[in-house]
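Undergrad: Residue numbers (this note's numbering), protein chains in the order written: chain R, 312 to 564; chain P, -9 to 311.
Please note that a few of the clues may not be correct.
Said to hold, decoys possible - Non-contacting residues of chain P with respect to chain R, defined by C-beta distances greater than 12 Å in every case (computed):
| no. | residue |
| --- | --- |
| 1 | Y14 |
| 2 | G19 |
| 3 | Y105 |
| 4 | Y127 |
| 5 | N146 |
| 6 | M178 |
| 7 | V183 |
| 8 | V188 |
Stated by the list, open to error - Residues of chain P placed beyond 12 Å of chain R at every Cβ, according to the derived structure:
| no. | residue |
| --- | --- |
| 9 | R102 |
| 10 | Q152 |
| 11 | G182 |
| 12 | L264 |
| 13 | F271 |
Claimed, not checked - Listed below are several chain P residues computed to face chain R (Cβ distance under 8 Å; list not exhaustive):
| no. | residue |
| --- | --- |
| 14 | R138 |
| 15 | L171 |
| 16 | R175 |
| 17 | R189 |
| 18 | V193 |
| 19 | G194 |
| 20 | G296 |
Since the hints were derived computationally from the structure, they do not count as laboratory data.
Computed from a prediction, not measured in an experiment: that's the story for all the values here.
Using N, Cα and C, we set each Cβ at its ideal position, and we do this for glycine too.
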Amino acid sequence: MSSPLLEVSHLAKRFGGIVATDDVSFAIPQGELHALIGPNGAGKTTLIAQLSGSLFADSGAIQFAGADITRLPMQKRSHIGLARSFQITSLFLDLSVLDNVALAVQAHAGHSFSFWRPARSDAALREPALAALARVGLIDRADRLTAALSHGEHRLLELAMALAGKPRLLLLDEPMAGLGPEESARMVGMLRALKRDFTILLVEHDMEAVFALADRISVLVYGRIIASGSPDDIRANGQVREAYLGDAEVAHA
Amino acid sequence: MPPLTFRNVLVAVLLIALVLLPVYSHLAGDRFALTLFTRIVIMALAAVSLNLILGFGGMMSFGHAVYLGIGGYAVGALANEGVYSGFVQWPVVILASALFALVIGALSLRTRGVYFIMITLAFAQMAYYIFAGIARYGGDDGLTIYKRSQFVDPLNLSNKTQFYYVCLTILFAAIYLVYRLINSRFGMVLQGVRSNEVRMRAVGFPTYRYKLTAFVIAGVLCGLSGALLANQADFVSPSVMYWTRSGDLIIMVVLGGMGTVVGPVMGAIALLVLEEVLSGFTEYWQIILGPLLLLVVLFARGGIDGLLGMLSERFPARRPS
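In isolation and in its complexed conformation, chain R is listed as follows (with noise of 0.2 Å):
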């Protein structure tokens, strides 16, 4: 078998006297949807900007395919094919839902000092931007204005800004947060389709999703994972139900 696409190893991380990161360590091979769960606290956000880089990992590493990257900024880890989707939806809201994809692909497309040539019909912009909103289905929103679509369409096009820079690994914060159940419902039939195609780490609330979504997952309590395997696994794990899922929830998954 082949290394694991992303690989942590021993990484910790604390604020002051609160350990976030407690000596995690998981794999994700490629092609796995890996699934993050824990309760409000558990340090998943903290994980999450270890993996993006937009915090720093006070000791332990990071290999990602094969490389070190426990000390690379964010940009660059974006570059090597790291996606990170938002858990706060951030976006350009005064610019076309287009325009916001094309600029994710325009952040992978070298550097944007081109002074002359309009990019709003470069198609090496524009035909990648409008495949990854098909791909989420907001095609035909291409050309309204971000700010005049629903918070649904917002978290959607979030997930086409991420795979508009052809990422290897996509790193999902809470993808479904805020969403009503129907657009929840189109959310996970989104992700099933592109788990076919992408390396993904989930880190989601909505246990329902994470059982039918997921190939393992993980759980993060106070900092420490305290269990990892299969969601068969995790819903038979004692520790698990007793440290964070309510009986009933798992009965209920």
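Starting from the known structure of chain R, arrange chain P on it as the hints suggest.
TA: Then chain P, alone, in the frame of chain R:
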């Protein structure tokens, strides 16, 4: 070909009127109109340059008039030393403003928000006091320029009509340049920065170098405006870079419409014509300007250009209006 809306027709009429203005001036014997509009065209150039960083890049520079001074003094100081050739003067203007913008930008663009406003203001005021202290170039009293920039015959900047057309050509070229810039990849980055700079960096853009480049381009365009202004007045003094002048430029941009290509031109015309007309009635013309500006900010966020755009939607061009 842009669509035939009310706004676009009006813009076209405005641009044609600017081209034909000297004809009117000659026929009607109204020499003052030519003088006023030469000044308007020059200030419009400065406003267009500010709009590139303020309207499209979201960089609230409160010291933009400093380049009017840099450009003006480059011409004035060289003329004072006996160098009249425009082929020397103008490249020096461009170089000096670029260098100045590079230094101010490199330092101020590391900050944002109120700090950025204050630092750009501080740099401009520093330049103001430095030039006010150079006795060789007139200090506080300013510097008279005895000969305008010399080019080859038959181009003669001392001829008012010719000078007007030189200014207008440069303004139109600058508008076209900004138009191309903001629609290029570079321009998309700039607009992304205005919209959400944090996200731009997260998505992988090193935003600082793009902002700095825009800042330098805007500085050079404004420097040219300063060179023209000094030529028109045959005089340059530190007061052209006083902070209230930077404020005037911001007013022009906001009044005309931030982030539209020709908005600042409308803003420059509106402000300077208003100043001319109102100051005929009262010395305290700004008492009228103030509330007017307030109305624009409160009810027409897009400025005059935005207002015209709204009217175009209300009255589509297909129907006779």
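Undergrad: Would you pick out the hints that fail for this structure and give their numbers low to high?
TA: Per hint list: 6, 7, 8, 11, 14 and 20 violated.
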